[in-house]
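Visitor: Mapped onto the numbering used here, the consecutive letters of the sequence shown carry residue numbers 943 to 1108.
Derived by calculation from the structure, the hints in this document are not laboratory data.
Cβ coordinates follow ideal geometry from the N, Cα and C atoms, glycine included.
Incorrect hints may appear among the rest.
Pairwise CB distance ranges (calculated) [unchecked claim]: (1) Val1048 <-> Gln1015: 39 to 45 Å; (2) Leu1038 <-> Val1071: 17 to 23 Å; (3) Arg1084 <-> Val1105: 21 to 27 Å; (4) Val1105 <-> Gln979: 30 to 36 Å; (5) Val1071 <-> Tyr1097: 23 to 29 Å.
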Amino acid sequence: MRKLALGVAAAALAAAPAAARGDFFVEGSAGVGWEIQPDRARQPTNLMVAPGYQLAGILSLELGVVGALGDVQASKFDLQLRPMAELTIPLFPLYLKGILAVNGLVDSPVQYKYGAALGTRFGLFGVAVFLEAGILPGKVERTSATGGTTNELIYVAEGRVGVRLG
943 MRKLALGVAA AALAAAPAAA RGDFFVEGSA GVGWEIQPDR ARQPTNLMVA
993 PGYQLAGILS LELGVVGALG DVQASKFDLQ LRPMAELTIP LFPLYLKGIL
1043 AVNGLVDSPV QYKYGAALGT RFGLFGVAVF LEAGILPGKV ERTSATGGTT
1093 NELIYVAEGR VGVRLG
C-alpha cells in the first residue's frame, strides 16, 4: 500500500508542471434544448465543435461553432457562434461556463443569447468525456397572431454531452 501511495504522489508531482502551462484543445459535442418559458417546446438538436485554450488549468477560453439541425417542426438548419469562458477548480470534477451565443448566421435575423452552464468532465491521457446543463435566455423575434413580429424573452435549458481532446 505504501508503494502505491508513493507512486500516486510521484505521478501527481510529475503532472503539476503540465497542469500549470496553457494547452490547446478541441471539443465535440451534441446538445438539445427545451424552451421553458414562456412556452414549453423542444429546440433543434445541435452539434458543436469548439477549439479552445486552457490557461494554467483553471480558465479555458473557447469558440464554439454550432450547427442546429432543424429537426423540430418550423425550424431550419442554422449556424451560431458561441464564445465561452470556463472556470475549473483543479482536482474537482465540476466546472462553470459562461456562454454568449450569436444565433441566426444562416437563417436570419441574427439574435443574441447569453447564459451559463454547469458541467462535469472525466478523462485520462488527454481524452475526456463531459456532461453539462445550462440556461440560455435571450430575445427572439416571433410572428404574432395578428401577423406582426414581436421580440420575446425566452429561456432555453440545454443539455450537452461531448468529448474533449487535448
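Visitor: Has the hinted range 23 to 29 Å been met by the Cβ atoms of Val1071 and Tyr1097?
Guide: For Val1071 and Tyr1097 the Cβ distance comes to about 27 Å; the hint holds.
Visitor: That 21 to 27 Å hint for Arg1084 and Val1105 (C-beta), does it hold up?
Guide: Violated: the Cβ-Cβ distance is about 35 Å, outside 21 to 27 Å.
Visitor: Determine whether the Cβ-Cβ distance between Leu1038 and Val1071 falls within the hinted range of 17 to 23 Å.
Guide: Given about 18 Å between the Cβ atoms, the range holds.
Visitor: Tell me if the beta carbons of Val1048 and Gln1015 are separated by a distance inside 39 to 45 Å.
Guide: 18 Å, violated
Visitor: Confirm or reject the claim that Val1105 and Gln979 have a C-beta distance inside 30 to 36 Å.
Guide: 31 Å, holds
Of the numbered hints given earlier, the model fails hints 1 and 3; all others are met.
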